[in-house]
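For the protein sequence lines, the chains are A and B, in the order given. All residue numbers for the first sequence refer to numbering that gives the first Met the number 0, where the first residue is 0 and numbers rise by one. All residue numbers for the second sequence refer to numbering that gives the first Met the number 0, where the first residue is 0 and numbers rise by one.
Misleading hints may appear alongside valid ones.
DSS-like, lysine-lysine: derived pairs with alpha carbons at most 25 Å apart [claimed, not checked]:
hint: 1; chain 1: A; residue 1: LYS129; chain 2: B; residue 2: LYS221
hint: 2; chain 1: B; residue 1: LYS221; chain 2: A; residue 2: LYS126
hint: 3; chain 1: B; residue 1: LYS209; chain 2: A; residue 2: LYS126
Cβ-Cβ distance ranges computed for the label pairs, FRET-style [stated by the list, open to error]:
hint: 4; chain 1: B; residue 1: GLU118; chain 2: A; residue 2: ASP121; range: 44 to 54 Å
hint: 5; chain 1: B; residue 1: GLY428; chain 2: A; residue 2: ASP177; range: 46 to 56 Å
hint: 6; chain 1: A; residue 1: LEU46; chain 2: B; residue 2: PHE432; range: 42 to 52 Å
These are computed hints drawn from the structure, not numbers from a lab. We treat Cβ as the ideally placed atom computed from N, Cα and C, and that holds for glycine.
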Amino acid sequence: MTIKLYDFELSGNCYKLRLLMSILKVPYEVVPVDFYPGREHRADWFLELNPFGQLPVLQDGEETLSDSGAILVYLARKYDRSGRWFPDDPATMAEILRWHAVGDDLTSTVSAARLVLGMFYDFDLEKAQKGAHRIFRIMDEHLWFGEKDGRDWLCRPAHPTTADIACFPYVMLSEEADVSRQDYPALRRWTDRVRRIPGFTVMSGIFPAGPAREAQAAS
Amino acid sequence: MTLSIDDARWHPIASSDDLPFRHVFHGQLLGRELAVWRADDGNVNIWENRCLHRGVRLSIGINEGGELKCQYHGWRYANRSAGCTYIPAHPADAPARRIQNRTYPVREAFGLVWSAPSENAAFPDLPRAEDRAWLPLRPMPVNAAPEDVAAGLAKALDAEGPHGLTVRAGDAVYFVQPVDSGRSVIRGLVSDPTTDTIPLLREKNRTLAKLRDRLERSAARKPAPAPLQPTYEKVSAELATMPDIAVPHGGTMIVVVKRKWQTARGVTGFELADRSGSHLPTFQPGAHIDVHLPTGLVRQYSITNGPGELLSYVIGVKREEVSKGGSHALADTVREGDLLTISEPRNNFPLRRDATRTLLVAAGIGITPILSMARFLDKSDLPYELHYFVRDADTAAFRDRLDVLRGKVTVHDALARDAIRQTIGEALGRWSFAQHVYICGPGSMLEMVRALAAGLDWPDEAVHFEYFKNDRVIDDSSSFEVELARSAMTLQVPAGKTILEVMREAGVTVLSSCEQGACGTCMTTVIEGEVDHQDVYLNESEKRANKAIMTCVSRAKSARLVLDI
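Using the sequences provided together with the hints, build the complete structure.
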């Protein structure tokens with residue numbers, strides 16, 4: 000039975016799952032949910048699937064799952080034969096989940112500001128933008144020292160993990176929240192690296208990067 | 000010290016490490032946003048951060064190694080010159096070549112990338128800077144006025160100064176980059192201890208982060224200064240317009256033969272560079288230059304360069320057994336260090352870069368434009384296939400450049416005509432949407448490919464070749480009057496004579512080369528009158544524009560023609 004993704008095209012949280020499923024080459028079907036302007040995620044039929052009224056929801060056989068970070072872990076553990084996207088090592092797991100939480104903080108800051116500017120939500124714009132810059136500062140510092148130490152990704156393994164997927168969309172969509180990334184050069188370089196992961200896919204507002212040296216050497 | 004948009008000094012705007020392979024850095028200096036990128040040849044480009052087309056930030060564009068591609072509509076700009084090399088909806092060369100983005104001065108020193116609003120200011124002299132290796136600290140952006148940041152930095156580090164926006168403290172030196180009136184970046188350099196650098200970098204970063212927090216708290220208590228208002232000078236009409244036709248300026252330049260070598264039996268390579276070492280005008284794959292030979296002849300040679308290679312043009316010259324003297328003059332008498340006059344590049348053989356598959360077919364010296372095309376497609380990872388036919392393996396030119404291509408490149412030597420036909424037929428295959436073939440070689444080869452392609456449903460517009468010869472029958476039965484505006488002469492052109500011949504008889508010196516309407520050397524601007532075009536050099540829209548004439552074959556439909564000569 001095919002996986003069903005209850006999806007809103009412009010949602011960064013739904014895109015996290017489309018991105019990982021594209022990288023893992025997992026086929027799935029999309030059920031569009033009209034988040035804006037239809038507010039279909041508050042409709043009775045959707046609340047049956049997820050009483051919290053949040054996108055995305057993923058159905059795989061008997062399982063009905065919600066929360067993008069949780070579903071990333073599910074997909075990685077079930078469909079990633081390499082075992083790299085969510086490895087077994089306890090400290091690495093904790094590290095990844097720590098960054099999943101940063102992904103949620105980006106939802107409540109960058110995404111909130113984006114909803115104010117793009118979909119007329121009534122949130123505190125300035126507070127959301129300030130919060131976004133605070134997170135970006137920490138991420139840039141973490142990634143800058145990572146580069147100096149030979150670490151290209153958010154967590155310790157020498158390859159990307161679900162942590163990178165969980166944080167990527169709302170970093171890339173920050174311009175739509177009027178949060179510039181100009182002051183975060185290491186964060187910008189990390190987005191190049193994520194966009195060069197084989198199997199990477201785009202969404203509205205997220206452009207591809209040019210080919211990397213590795214890809215050139217391989218072809 | 001008050002910060003001014005006219006501050007002409009050099010400031011660091013990035014670390015060298017901020018420009019890794021194929022990345023575009025987003026910077027800002029004195030209110031002006033910058034797109035900063037390193038090309039594969041190591042050159043650093045600092046450009047105004049907007050595409051000349053729709054103003055989209057080039058910092059979100061794609062660094063293709065020799066060109067920067069705008070993310071929005073795919074306009075491409077060349078390394079070094081920032082000349083627009085390609086407009087997807089407008090693939091002819093002439094219009095694109097005139098469009099150029101604004102560039103800013105660049106220096107790379109001490110692990111930092113520096114810029115200034117103009118080249119006028121002297122590069123800052125750091126006393127004893129060359130004595131040691133420098134380690135750039137993590138840049139620290141601060142939302143506070145640059146002069147306040149410099150003062151706060153001097154105070155916190157117990158250093159004298161600041162001197163302008165520079166603070167020296169012990170063996171460290173800090174530069175405050177004036178991003179805008181209320182925004183700064185602290186860029187520090189310390190003596191590189193070579194081992195255990197990370198603890199040192201972390202310690203300095205902690206100190207600067209604390210200072211940043213303090214400076215931002217104090218800046219928040221003051222009214223925010225008005226952001227600088229850089230005036231974006233309009234790009235001159237000459238650089239930004241897209242004319243229907245490149246009216247000939249007769250623009251020539253003098254180049255020096257930097258290198259001359261045997262690239263294959265019977266083929267000499269020439270590398271032509273600007274005398275002062277600066278870059279040459281941008282070109283597109285398929286473009287050629289006119290070379291004015293010491294004998295007075297003018298000959299066309301295709302540029303073999305890849306994208307963004309503008310420090311020299313490389314051409315290949317075949318020594319023809321039967322020659323009017325062109326190839327002999329170049330191959331035998333011109334030496335390294337000699338000066339030659341060449342024209343600006345012109346393209347009659349434009350390459351589309353929106354094809355799903357491109358087939359390149361070259362025979363003999365026809366490899367020269369095809370090589371340039373392959374190198375452009377290669378750099379952009381576009382799918383192509385190259386078939387190069389030569390009589391003997393040792394006559395295959397530019398092998399070193401072909402060998403590094405990653406596409407499917409096959410050199411076929413000593414194939415019989417039927418085998419060539421079969422090879423090309425198989426390579427063509429039945430046409431499908433957005434496939435294009437480009438052929439350069441002798442006339443018989445062009446005809447063979449055209450016939451094969453037509454038989455495999457390839458439409459005319461998918462089959463591209465360059466005329467070196469005009470096969471049309473010239474109708475010279477008209478007679479008319481020609482006025483030479485600048486020479487103040489009126490001449491009668493009778494039936495049976497060309498405008499060129501009549502002008503020469505009247506003592507007017509006019510350049511020409513093929514004299515059959517194929518090369519474009521005698522192209523002249525038309526001021527008045529209606530042209531009867533009989534050449535194969537101008538395309539249909541250029542002919543309709545009625546702004547230029549090949550005086551060697553074309554004539555007048557009107558009774559009188561006024562030329563800019």
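Quiz item: CA of LYS129/A to CA of LYS221/B, is that 25 Å or under?
Solution: Holds - the C-alpha atoms of LYS221/B and LYS129/A are around 18 Å apart, at most 25 Å.
Quiz item: GLU118/B and ASP121/A, beta-carbon distance inside 44 to 54 Å?
Solution: Check passed, 51 Å falls within 44 to 54 Å.
Quiz prompt | Status of the given 46 to 56 Å range, CB of ASP177/A versus CB of GLY428/B | solution = 51 Å Cβ-Cβ, so the 46 to 56 Å window holds.
Quiz item: Taken at face value, is the distance from the CA of LYS126/A to the CA of LYS209/B at most 25 Å?
Solution: holds (22 Å)
Quiz item: Holds or violated: LYS221/B with LYS126/A, Cα cutoff 25 Å?
Solution: holds (20 Å)
Self-check item: Outcome for the supplied range 42 to 52 Å, where the beta carbon pair is LEU46/A and PHE432/B
Solution: With a Cβ separation near 47 Å, LEU46/A and PHE432/B satisfy 42 to 52 Å, so the hint holds.
Figure legend: structure checked against the earlier numbered hints; every hint is met.
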